[in-house]
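This is what each chain is made of:
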Amino acid sequence: MAVVDPTHHLSPRVRAARRKLLFQDSVALLTLVLIVVVLSSLTYLLHHSFENHRHELGQRWRQRGEMELQKGQSQAAIEALRAALSYIPDRNTEIELAEALAQAGRTQEAVAYFNTLRDEEPGSGIVNLQLARLAVRQNQQAQAISDYQTALDGTWEGDGYERRRDVRLEMSKYLIQVHQFSRARTELLIAAGNAPDKPALKLEIAGLLEQCQSPADALEIYRSLSQRHDPPWAALAGAGRTAYELGEFALAHKYLDRATDARAFRQQPQAEQILIQQKLKTAEELLALYPADDLTVRERAARVLEDVRIARNRFESCQAPIALQPLASAPINTPQIASGSLPVNPLARAAARAKSLLAPSPVLPVANMNTAAQTAAQALAARWAKVPQKLRLFDLEQNPEMEQMLMQLVYDTEKDAANRCGTPQGNDALLYTIAQAPYMVEQR
Amino acid sequence: MTPTQDATAAAESAPLPKAERAKLLDLQRIAPTREERLFLVLSIFIGVISGLLVVAFRSAYEWIKILALGSAPHPGQYRLMYMPALVGLVVAALVVWLFPGARGSGVNQTKAALYVYNGYISFKTVIGKFITAALAIGSGQSLGPEDPSLQIGAGVASMIARRLRMSRQRLRMFAPIGAAAGLAAAFNAPISAILFVIEEVIGSWSAAVLGSVVLAAISSEVVARLFWGSEPMFHVPPVELRDPRELLAYAVLGVTGGFLAVIFSKALGYLRPVMRNLPRWTHFVQPAIAGLMVGAIGFFGFPQVMGPGYTVIDQALHAEFTWKILLALALLKMLATALSFSSGTPGGMFAPTLFIGAMLGGAVGTFEHHFFPHLVGTVGAYALVGMGVLFAGFLRVPLTSVFMVLELSGNSSIILPVVLANTIAYLISRSLQPTPIFEVFTHQDGLELPSMEEQREEVHLHIEDALHPVDVPVLRGSDSLSRASERMNEMGVKVVLVQMWDRTWYALTRDELTGMEALQKAETAIERAVGKDRIPPLYPDLPLDSALPYFSRWPVLPVQNRASRGTLEGILTQSDVLERYEQN
Numbered sequence: 001m002a003v004v005d006p007t008h009h010l011s012p013r014v015r016a017a018r019r020k021l022l023f024q025d026s027v028a029l030l031t032l033v034l035i036v037v038v039l040s041s042l043t044y045l046l047h048h049s050f051e052n053h054r055h056e057l058g059q060r061w062r063q064r065g066e067m068e069l070q071k072g073q074s075q076a077a078i079e080a081l082r083a084a085l086s087y088i089p090d091r092n093t094e095i096e097l098a099e100a101l102a103q104a105g106r107t108q109e110a111v112a113y114f115n116t117l118r119d120e121e122p123g124s125g126i127v128n129l130q131l132a133r134l135a136v137r138q139n140q141q142a143q144a145i146s147d148y149q150t151a152l153d154g155t156w157e158g159d160g161y162e163r164r165r166d167v168r169l170e171m172s173k174y175l176i177q178v179h180q181f182s183r184a185r186t187e188l189l190i191a192a193g194n195a196p197d198k199p200a201l202k203l204e205i206a207g208l209l210e211q212c213q214s215p216a217d218a219l220e221i222y223r224s225l226s227q228r229h230d231p232p233w234a235a236l237a238g239a240g241r242t243a244y245e246l247g248e249f250a251l252a253h254k255y256l257d258r259a260t261d262a263r264a265f266r267q268q269p270q271a272e273q274i275l276i277q278q279k280l281k282t283a284e285e286l287l288a289l290y291p292a293d294d295l296t297v298r299e300r301a302a303r304v305l306e307d308v309r310i311a312r313n314r315f316e317s318c319q320a321p322i323a324l325q326p327l328a329s330a331p332i333n334t335p336q337i338a339s340g341s342l343p344v345n346p347l348a349r350a351a352a353r354a355k356s357l358l359a360p361s362p363v364l365p366v367a368n369m370n371t372a373a374q375t376a377a378q379a380l381a382a383r384w385a386k387v388p389q390k391l392r393l394f395d396l397e398q399n400p401e402m403e404q405m406l407m408q409l410v411y412d413t414e415k416d417a418a419n420r421c422g423t424p425q426g427n428d429a430l431l432y433t434i435a436q437a438p439y440m441v442e443q444r
Numbered sequence: 001m002t003p004t005q006d007a008t009a010a011a012e013s014a015p016l017p018k019a020e021r022a023k024l025l026d027l028q029r030i031a032p033t034r035e036e037r038l039f040l041v042l043s044i045f046i047g048v049i050s051g052l053l054v055v056a057f058r059s060a061y062e063w064i065k066i067l068a069l070g071s072a073p074h075p076g077q078y079r080l081m082y083m084p085a086l087v088g089l090v091v092a093a094l095v096v097w098l099f100p101g102a103r104g105s106g107v108n109q110t111k112a113a114l115y116v117y118n119g120y121i122s123f124k125t126v127i128g129k130f131i132t133a134a135l136a137i138g139s140g141q142s143l144g145p146e147d148p149s150l151q152i153g154a155g156v157a158s159m160i161a162r163r164l165r166m167s168r169q170r171l172r173m174f175a176p177i178g179a180a181a182g183l184a185a186a187f188n189a190p191i192s193a194i195l196f197v198i199e200e201v202i203g204s205w206s207a208a209v210l211g212s213v214v215l216a217a218i219s220s221e222v223v224a225r226l227f228w229g230s231e232p233m234f235h236v237p238p239v240e241l242r243d244p245r246e247l248l249a250y251a252v253l254g255v256t257g258g259f260l261a262v263i264f265s266k267a268l269g270y271l272r273p274v275m276r277n278l279p280r281w282t283h284f285v286q287p288a289i290a291g292l293m294v295g296a297i298g299f300f301g302f303p304q305v306m307g308p309g310y311t312v313i314d315q316a317l318h319a320e321f322t323w324k325i326l327l328a329l330a331l332l333k334m335l336a337t338a339l340s341f342s343s344g345t346p347g348g349m350f351a352p353t354l355f356i357g358a359m360l361g362g363a364v365g366t367f368e369h370h371f372f373p374h375l376v377g378t379v380g381a382y383a384l385v386g387m388g389v390l391f392a393g394f395l396r397v398p399l400t401s402v403f404m405v406l407e408l409s410g411n412s413s414i415i416l417p418v419v420l421a422n423t424i425a426y427l428i429s430r431s432l433q434p435t436p437i438f439e440v441f442t443h444q445d446g447l448e449l450p451s452m453e454e455q456r457e458e459v460h461l462h463i464e465d466a467l468h469p470v471d472v473p474v475l476r477g478s479d480s481l482s483r484a485s486e487r488m489n490e491m492g493v494k495v496v497l498v499q500m501w502d503r504t505w506y507a508l509t510r511d512e513l514t515g516m517e518a519l520q521k522a523e524t525a526i527e528r529a530v531g532k533d534r535i536p537p538l539y540p541d542l543p544l545d546s547a548l549p550y551f552s553r554w555p556v557l558p559v560q561n562r563a564s565r566g567t568l569e570g571i572l573t574q575s576d577v578l579e580r581y582e583q584n
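In order, the protein sequence lines correspond to chains C and A. According to the numbering used here, the stretch in the first sequence is residues 1 to 444, in order. According to the numbering used here, the stretch in the second sequence is residues 1 to 584, in order.
This is chain A alone, in the form it adopts within the complex (with noise of 0.2 Å):
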């Protein structure tokens, strides 16, 4: 991040002035329920006018590639070179002094606006990302157009909830929304899109937030159907699954798949920090080697590496390459997604993992079905599976890349194939390459965001985990306030628990006691003595740190058996709770 952005980003993320958290406050005095009301209808507005914008995202940059590199680039053109290099640095040009958000491929910088900036994404990122994304990916650098969407689609969602005035709480969920809308749109993938914005942006299931996600992903999808129709953005062969060994075959798939992940993100990590660490005059050409580097291998031979390369999935797809061709494809588009996105050209890295996965899912099936004919599926096949599988195991969002490949798809008997290995790859990926790719490049951006990958695999206490067996003296409502002195005084505790007659329960401290039994008859029954307030019902499967709010007013906390209320299964102690904590 730039020291210019960090002014910017310090400034929004700043504490508000008086006069506006005043004002702030005052909304929410003046009309409590406002926001809840307006936030699903704001997230259809944010869908619709996402779901635009990426239309005329995609139509932009299909335009300037028509116009920079011709209707049909063919090995041999010198103009696969220079237009690329050309267009990079008027990109360079615009990134370094006119929108230095739009850098990077938009994913992180939508996470950054969520955890560090409180959802805020300025309406100059917004469009210098439109601007200089469209450049770059319609002059052929090899970056794809899902990630600046995302971004896109988030900087959307986060001009309307400030223009509405949102709170800050809210306007953090308002960059999600908007990042699952643009997705949604670009990758023409709904499901897809909302999953890969909750495993890899928000980390967590939260009901208040998924509705609107949903409404937000389908509302830019129908908009985008508008335009594009129904089509998928492949035309997928049928696959199926022919013999129960062929599993193997898709087991080999994915152990490749795991080791190409690795090498492509180890490369990236490396070249990346690289090329930011030059002086700061390369930066504004460094956008402009790289593109003449991939121009120059498709100068040479392979222009399917240019662009996302959507056409060439699907001559993959349908078999239409050899295996040596298809191995040569996933290796150059590596090393030119390598050098265009490390040269901080504005581009994602959706497209080239599904192209990559496509072409090695391809070679390894053709090399396959060479060898086992009867055994072996369709090519197409492996190529579809191929694209989870780089999915899983380059940027490491597992859920995200089985139903990707079934949404796109159609057709769930692949399903299989695609769980098993989306898992190896994303198991070798793991062990070799322990930090994901997205928190590797924030770690170079010197950011410490939440890794959702560690979130999803943090052991969430709950209440069973910290309570211990009742060792306090159990009273009924009916007792007197006498029979709880004894107890006390017996057992030599300095609380005792009662359960009244509805089984709510009350934690009466010696404290409570005796100043009752100095206003009151000893005879007097203890539900009569105490107020009105009770414990709330706590269970086993709750979080542990649910309990934490009550123990200000209750020393010792029941925890009752979901089944039998009033049955105690144990108690807690903020002591319990903390000691747990340390534990872990």
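Isolated chain C, as found in the complex (with noise of 0.2 Å):
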């Protein structure tokens, strides 16, 4: 089948006409694409030697902003990184200007940046840490706690876990400054688990954990850097001053000679230095006092014998219309001490004597007292009255058990001493510190 022409029914002259238009169109055509090609070519030009030189003060700004920013130019570092946005928009000079304007103390304004920054990426950990900054500094503390910990949880450019921790410390030393101490060592306690081996950091977190009032915690941090070969001095001084603090007297004396002994100690303040050597030298008195269970029976009942004698003096001292009735002519209702019923035996016979301080004794009557105070005073006065105004040495070494009760009976005078006739001072003021946690003193 043969092909129409479909201008066959036109004339040559339309038919050339047509050849001439359609060359004509095409030509024209073709001169629009060249004058894109060219057109294209000349705006890249310009507009690419724009850009490098926008870029260039980009820079140059962002650098100054930068530099203004660290000297604390706050004002100088807003122009200067506003110049640097105006060519280059960057997020990092964003943050790098809310910064500045936070910085500047236009906190308003620094809120609304670092908001409009948090709405365009919700996770960026720098962006909520600094609104948790600002919301410390507007005194919002649910908002700051808030911000913190939606910090901790956001993404973190470069090294995140060394970001986090700080972020973590930082909340934490916030925590502690509006005492929520509890949520604190929460927070230091993670942040020690994840810390790497670095003394400089642990010792920062120990002094945290002092602060939120968890010193238990900080001695454990404390020894097991001072377990090092060449422990800082600071490990040694903490560990001392915890356990002092906990009433690990012998710990914190073991700590505190060596934080002594160390050539740091010379170089430490003169305050510091009378501080540690206070405490080394009460730790050291204490445990003079104190009947340790390495010691030999002799001198534990040595001890124990001083003890009671200081005790004695402070209770005497403390009572003033309280009669005192030797053990010799006190009415004596234990069946054992009864005349003649005393058991033969020596051992025996100290036995039941210190049973007998023990049994319930006739209450005798004291002047200008509270009730409950009358009766504890009473129940020592008669505790008291059992005990021999001269006990021997021999009587303790016989008897552990009566140690226990007369150290007891020590521990219960100096604690009601101290709450009836002031602070004790003196030995006095060691063996009522002893008393809150007597068990504490050996532990190491």
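Please note that a few of the clues may not be correct.
What the hints assert, rightly or not - Short derived list, chain A residues pointing at chain C, Cβ under 8 Å:
hint, residue
1, V48
2, I49
3, L52
4, V55
5, A56
6, S59
7, A60
8, H74
9, I160
10, R163
11, F227
12, H235
13, E320
Hints in this document: simulated from the structure, not taken from any laboratory. Note that the Cβ used here is the ideal one computed from N, Cα and C, for glycine as well.
Take each chain as given, in its own frame, and dock them per the hints.
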């Protein structure tokens, strides 16, 4: 089938005109293409040159802004960073600008900026951290804690572990500041668990644990640091200090002693040195009074006698109208101590006497005290009444139970005297300290 | 318009010489479908070339800004004052001596080209606009680049259409295509650009041109994004409507924006003719004086008002200013723009409108936030809505203003506050300033261009507005000629309507019937006696003017029901149509 030319009905002149028109239109379109090519090149050159210059300007202004920010010239930093942003809209520059605004005290603007950044990137760690800091400045406690937590959970550039740790420590410091010690402790323990083996970091964490009233946790860290070869002085001092606070005086003495022996001790401030030495001295004196298990029988008995003497003096000085009756003239209710009924065996006899100290005694009249205090004082008086004025070492050596009971009486007396007669001094103070937790003294 | 411009334009719009006319007719005869085929292809070229020119334009004025004002202008710099003044002198000389068509924003000039000069925009005007606007905006005059971009795009389209010897009708259609392309690239918001051109330049949704407008705008946008990336013009923070009661706050913004738009319009409407009516020699120094005054505002503390101010808008969107600063910036920008624009410096109104709106919105938002912190959203949201409010109130393009905000924010949850605030501002502005600002400028230039706003609100008549009940006999095609004569005599009419077997209609007049009776038997069926022509189907919803061409052939036109073809809704006569138009 022959192909029909669609223009066959047109005259040759018209056909020629159409061909010419087609040619002209093709040339025109080609010309347009060329124009596009040439214009594209020119536009590219112009645009590219401007972009390069713009980029250079942006970098220059940003560097200036960062310098001003580091120098603390926040107003100049704001202007420079704004200029930088006008050339290179960059998220990091926006963050720096917001930081500069915060630094300049333009808190509202900084908050607005960071909120916008957070809306764009809700999981950004740095943005949430900055918002937390601004909330701290604005005294918005709940908001600050929430923002800190979000910062911890957020994404961080670079070493995320390290950044999060820093945030956690900062958050802990804030929690301590607002007295949320329990939460602070939790965060610090997490930080300690994740911390690398760096003494400075661990010392910081331990110091913060002390501030949030967790000396036991702090002591654990200090002790671990103290076990190193050439341990940091702060670890020794910290261990001694926290052990002292916990009442573990044997341990405290050990570390305080090491601390004072260390070369770094002399480099510490005078006040610090005096404090350490005082604590060491107190620990020594206290341990000198404490009837430790590692002493010989005689030594321990001697200490008990001495403690009894101190406590008795304290008791007597604290008692005004109470009449003390020595054991010999006091009525004795225990059958073991009834006349003729004491065992022949000396040990048994001593035990029997000791037991009598704990036996309920008749209530003696005490004047000028409230009922509870009266009762306590009377009970103590009764107990003291049963203690012979002249206790012998031999009695104590033979009777460990009597030692325990006497020491209990000593502790009770010191506590009672502190309540009724004011702060103890000297050896009384030492005995009173031991009395708070006697079982802790020897902890190592 | 200057006499020189008048002469040039008149020459260009005068009837074509006989030879040229003959050539064009020849083209249409030789290749009747040529223009349709070229139309879409050329739209793409127009879009690409406009996009490239807009990118070059922006790079040019940014370069000039850095060279003239430094990389970080701040208060206290003397160059903020003397540079705009010096460049103003150069711009004035260029505009007065070399490029008179470059004066003004570019929107009115494009409309004038479309309606008065058959879509003609000279190459010289395009070059002149590029150079003078880049100099003016770069040196710190308070004007925007969008309007000049619109005119540059329209000029490119005009040049291309002329080169390819398009018909006059097509030539007129190309200008808005180029305008949309230029604006889309400059605005980085293609939908808003298309809507603006349709709403303000063309005034109607013509399917013929809409496709090309869209194609050109998208091509231009693609080119622009190749250079600038897809980053939005403004970094809009996420916005949301937190509480329905917050709409009251946005209503307040709408009211404030409406009044401010009126003040701005009146200021421009007053100052521009005053400055234009000054002695001619002052036209050489007006831009320089305006530049000096704008520079003085910058020198004494507010350099933000110089230039388009996009960065400052961004800052307002991020709530970086106090409400007092925002308000001050809004008012100073109004002053600076009034000075720059009225002095005849080439440059646009879009960017200053966005700037003033953003500052006003931010100020209102900050103020309301202070008193109702739990009820009012972010200040950035108010700045964003404020931009739309001024667009609607000042430029009087309500549809564009809504879409512009949506396009810039990428967030549809803001639509309700935008629509509410924009509508309020538009209504207030319309009631206090009935003539839109572009029309004011047109009248001041001595032109009478169609008002798009009036066109939008025109009542369009339809056939149903003029038809009346059937009062002529209705016969079937199978009826005889004698029957037709009988019915005509019975009712004393001169025409009957005949429905043929295929439900088409024929209006048989007495004269025709008499002629048929003379030649054929009286029993002959009407459908066999009449010719093949039939009345075209007409329906009540069609425009009334669509019926006019048929009255030369048919005295009566039947109007049919669309659902039931063949069923008559009524009939229409020429006198009905004319009477209806007279009533309107």
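Legend entry - Status of the I49 of chain A interface restraint (C-beta, 8 Å, chain C): Nearest chain C Cβ about 6 Å off; hint holds.
Inset, instruction - For the hint on E320 of chain A, just tell me whether its beta-carbon gets within less than 8 Å of chain C. - result: 5 Å, holds
Legend entry - Restraint check, 8 Å cut-off on beta carbons, for H235 of chain A near chain C: This hint holds: H235 of chain A lies near chain C, its Cβ roughly 7 Å from the closest one there, short of 8 Å.
Legend entry - Closest C-beta approach of F227 of chain A to chain C relative to 8 Å, hint status: Hint holds; F227 of chain A Cβ to chain C Cβ min 5 Å, cut 8 Å.
Legend entry - Supplied contact hint for A60 of chain A, tested at 8 Å Cβ to chain C: It holds, given that the least Cβ distance between A60 of chain A and chain C is near 7 Å, below 8 Å.
Inset, instruction - Mind checking the CB of V48 of chain A against every CB in chain C and telling me if the closest is under 8 Å? - result: With Cβ-Cβ at 6 Å, under 8 Å, it holds.
Inset, instruction - Hold the hint about V55 of chain A up to the distance rule: shortest CB distance to chain C must be less than 8 Å. - result: For V55 of chain A, the interface hint holds, since the closest Cβ of chain C sits about 5 Å away, which is under 8 Å.
Legend entry - Hint check: 8 Å Cβ-Cβ cutoff, L52 of chain A to chain C: For L52 of chain A, the interface hint holds, since the closest Cβ of chain C sits about 5 Å away, which is under 8 Å.
Inset, instruction - Grab the minimum C-beta distance from R163 of chain A to chain C and call the hint holds if it beats 8 Å, violated otherwise. - result: 6 Å, holds
Inset, instruction - Identify whether the interface hint at S59 of chain A stands, where standing means a beta carbon of chain C within less than 8 Å of its own. - result: 5 Å, holds
Inset, instruction - Hold the hint about I160 of chain A up to the distance rule: shortest CB distance to chain C must be less than 8 Å. - result: At about 7 Å, which falls below the 8 Å cut-off, the nearest Cβ of chain C leaves the hint on I160 of chain A intact, so it holds.
Inset, instruction - Go through the hint on A56 of chain A and say holds or violated, using the shortest Cβ distance to chain C against 8 Å. - result: 5 Å, holds
Hint violations for this structure: none, all hints satisfied.
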